[in-house]
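Fit chain P to the known structure of chain Z by using the hints.
There are 2 protein chains.
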Amino acid sequence: MTTSMPPLSITSPSNPLIKRLRGLDRKRNRTETGLFLAEGTRLVLQGLNNGWQADTLVCASSMLERPLVQDLVSRAMADQTKTIQVPDRVMGQITRKDNPGAVVAAFRQQHRTLADLATTNSGIWLALYEIRDPGNLGTILRTADCTGLAGVILLETCCDPYSIEAVRASMGSVFDIAFATSDFPAFNAWRKDQGLTMTAASVNGTIRHDEASYSGKALIIMGNEQAGLPPDIEATCDTLALIPMRGGADSLNLAQATAIMSYEAWRQQGYAGARGATG
Amino acid sequence: MTTSMPPLSITSPSNPLIKRLRGLDRKRNRTETGLFLAEGTRLVLQGLNNGWQADTLVCASSMLERPLVQDLVSRAMADQTKTIQVPDRVMGQITRKDNPGAVVAAFRQQHRTLADLATTNSGIWLALYEIRDPGNLGTILRTADCTGLAGVILLETCCDPYSIEAVRASMGSVFDIAFATSDFPAFNAWRKDQGLTMTAASVNGTIRHDEASYSGKALIIMGNEQAGLPPDIEATCDTLALIPMRGGADSLNLAQATAIMSYEAWRQQGYAGARGATG
Numbered sequence: 073m074t075t076s077m078p079p080l081s082i083t084s085p086s087n088p089l090i091k092r093l094r095g096l097d098r099k100r101n102r103t104e105t106g107l108f109l110a111e112g113t114r115l116v117l118q119g120l121n122n123g124w125q126a127d128t129l130v131c132a133s134s135m136l137e138r139p140l141v142q143d144l145v146s147r148a149m150a151d152q153t154k155t156i157q158v159p160d161r162v163m164g165q166i167t168r169k170d171n172p173g174a175v176v177a178a179f180r181q182q183h184r185t186l187a188d189l190a191t192t193n194s195g196i197w198l199a200l201y202e203i204r205d206p207g208n209l210g211t212i213l214r215t216a217d218c219t220g221l222a223g224v225i226l227l228e229t230c231c232d233p234y235s236i237e238a239v240r241a242s243m244g245s246v247f248d249i250a251f252a253t254s255d256f257p258a259f260n261a262w263r264k265d266q267g268l269t270m271t272a273a274s275v276n277g278t279i280r281h282d283e284a285s286y287s288g289k290a291l292i293i294m295g296n297e298q299a300g301l302p303p304d305i306e307a308t309c310d311t312l313a314l315i316p317m318r319g320g321a322d323s324l325n326l327a328q329a330t331a332i333m334s335y336e337a338w339r340q341q342g343y344a345g346a347r348g349a350t351g
Numbered sequence: 073m074t075t076s077m078p079p080l081s082i083t084s085p086s087n088p089l090i091k092r093l094r095g096l097d098r099k100r101n102r103t104e105t106g107l108f109l110a111e112g113t114r115l116v117l118q119g120l121n122n123g124w125q126a127d128t129l130v131c132a133s134s135m136l137e138r139p140l141v142q143d144l145v146s147r148a149m150a151d152q153t154k155t156i157q158v159p160d161r162v163m164g165q166i167t168r169k170d171n172p173g174a175v176v177a178a179f180r181q182q183h184r185t186l187a188d189l190a191t192t193n194s195g196i197w198l199a200l201y202e203i204r205d206p207g208n209l210g211t212i213l214r215t216a217d218c219t220g221l222a223g224v225i226l227l228e229t230c231c232d233p234y235s236i237e238a239v240r241a242s243m244g245s246v247f248d249i250a251f252a253t254s255d256f257p258a259f260n261a262w263r264k265d266q267g268l269t270m271t272a273a274s275v276n277g278t279i280r281h282d283e284a285s286y287s288g289k290a291l292i293i294m295g296n297e298q299a300g301l302p303p304d305i306e307a308t309c310d311t312l313a314l315i316p317m318r319g320g321a322d323s324l325n326l327a328q329a330t331a332i333m334s335y336e337a338w339r340q341q342g343y344a345g346a347r348g349a350t351g
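Chains as they are written, first to last, in the numbering used here: chain Z, 73 to 351; chain P, 73 to 351.
Rather than coming from a laboratory, the hints here were simulated on the basis of the structure. Just so you know, not all the hints are guaranteed correct.
Same chains, same label: a pair holds when it works inside one copy or across any pair of copies.
Result set (SDA-like, lysine to any residue): computed pairs, CA atoms no more than 25 Å apart in a straight line [stated by the list, open to error]: (1) K169 <-> R100; (2) K169 <-> N101; (3) K169 <-> T229; (4) K99 <-> R168.
Isolated chain Z (complex conformation):
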C-alpha cells in the first residue's frame, strides 16, 4: 500500500508542533494537552488497533518507504490524524533517544475511574499505592497484561502511566490493560462492594505469599518502593503476605515482587485464560 501524498515535512526543531511534541516529556504538558507519546511501529499499531485515538503521527523521513510505516501513514491520514515527516535529528529530539525508531505518535490519554472498570465474577485485581518509578509502573502493567489481571488501580499519588518511560517499559500494555485512579477511601469502599479480598505483600507479612489464598475475587495491593504501605492501610487488608527472602538480602524490586504475587495468585486460579501448552 502506498500513500498518494507524502506527509508534510517539518525540519525545524522550533516549529510549534515539534515543540509541543517535545514538551510531552513533562507531566504538566501531558496534563494540559491530554496527550502522550508512544514510539515505534509496533507500539503505535497496538494503540490504533486497540482503539486509542492518535492526535499526531510523526515519521522519520529516512524510513518513510518501509511498508509498515507506509501502512501507518495511510491509516493515520484516513483517520484525519495529523501526519508529518521529520529528519532523524528531530525524531531524536522528540523521543530523546540517540537511535530513534521509524515513528512516534501522540495519543489521547484515557482516564478511568473505579466506575469505569468492568465488574467481574472472578479474577485478580492489582492496586498500587503511591508508586514512584515509571519504569516499575510500565513493567508492572506489562506483567499484569501477561497474567490477564482484571484491572489495575493506581492509588493516591502514583507516577504517571503516560510518561515516556512508563509507556516504553509497558511495551504496549498501557494500551491493553484497564487501569483507573482513585484515592484510598473510595477504592476501599469499592473493593468491599465488589467482594474483593485484599492481600498486601508486606515485610510485616504473617503468612508466606504462596500459603495465602487468592481464590474467587482477589485483590493484591503493593506499596511504595521505599516506604511500602502505611500501617493504617495494612490494617484494612484481609491478609499480609510475606515473600520469602534470603537472610541477609535487602529487598526485592517492586516490579519483581508484584510479578511473584501475580503469578502465585494466577497459579491458584488455574492460570485461567492462559494460552499454549500447560504441562
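The following block gives chain P in isolation, referenced to the frame of chain Z:
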C-alpha cells in the same frame, strides 16, 4: 567519629582524577582501569563490608558533616583509599545525576571464572545468555541475591555488570552474589561435571514452569531479551519450561520472567535459607 584532616578538595571538572572517574560511564574505560562506580553511602558501605577494595572515595563537600559520610571517610583514609571532596556540581557530573548522593566510590572490579565458583551440594544456579539490558542484569542480580542463588553465570557477550545502570539496579547485590563469565561450551561441560540439571524458560517450553522439577542441584538458563536462546542451546537443556501467559499478551520482561523461575525453583527447595515467618 570525626576525621582529623578533611579530604582533599577538588573543584575543577577538568582535574585528571575527576575526568578519570567521569570516564567510568564507558565500558572501555572501565576495562582499562579495572574500576567501576557505586553511588550512595549504603552501597559504598556494602561494598567495603563485603571486602571489595575502593580505589577512590568521593564525597560531596555539602554533606561532609553527615555522620555516615564521616565514618566512610575515616574508613577510606585508614585503608589508604584516595579520598576527595567535590562540589555538588562535580558530583553530579561524575554520577550523571541531577540529585547526586553524598558519596560515590570507584571500586576494583572482580572477575571470576567457573573455577572460582564454590561448588555446592544443592542449591539453584542461574545462567544468563547474551542479555543486553544493564537494568535487567542489575535487577536479576538483586533477585538472585534475595532468593539465595548459589551463583550467576554470564554466558558469551552479556552487558557489563559493572556499568553504573547495572550496579544501581542491583542495589548492592553486585557486591553480594557470586557471578562468573564463560563461553557456552565450557559452561555446559562445567554444569554437567557439577551434576546440574538445566532448565530453560522458553516460548518453546513443553511443560509449565511450575510443573518442571528443580530439586537437588538445579540450573535455570534465560536467553536474550529479544531472541531468547538459540535452538542448539535449547537442544542441550534437560527441560524447556513455559511460563503461562494470557492469550493475546506479548511477553514478560526478562527480569520478571527470571524472578518467576527463581521463586518457583526456590519454592521447590523449601525456601532454604529464608528468614522470618514462613506461614
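Results of checking the hints against the structure:
1. K169 <-> R100: Both. Shortest intra-copy (21 Å) and inter-copy (22 Å) distances satisfy the 25 Å Cα cut-off.
2. K169 <-> N101: Classified as both; 19 Å inside a copy, 23 Å across copies.
3. K169 <-> T229: Between copies only: 24 Å across chains, 28 Å inside a chain, cut-off 25 Å.
4. K99 <-> R168: both (15 Å within a copy, 22 Å between copies)
Violated hints are absent here; each numbered hint is respected by the structure.
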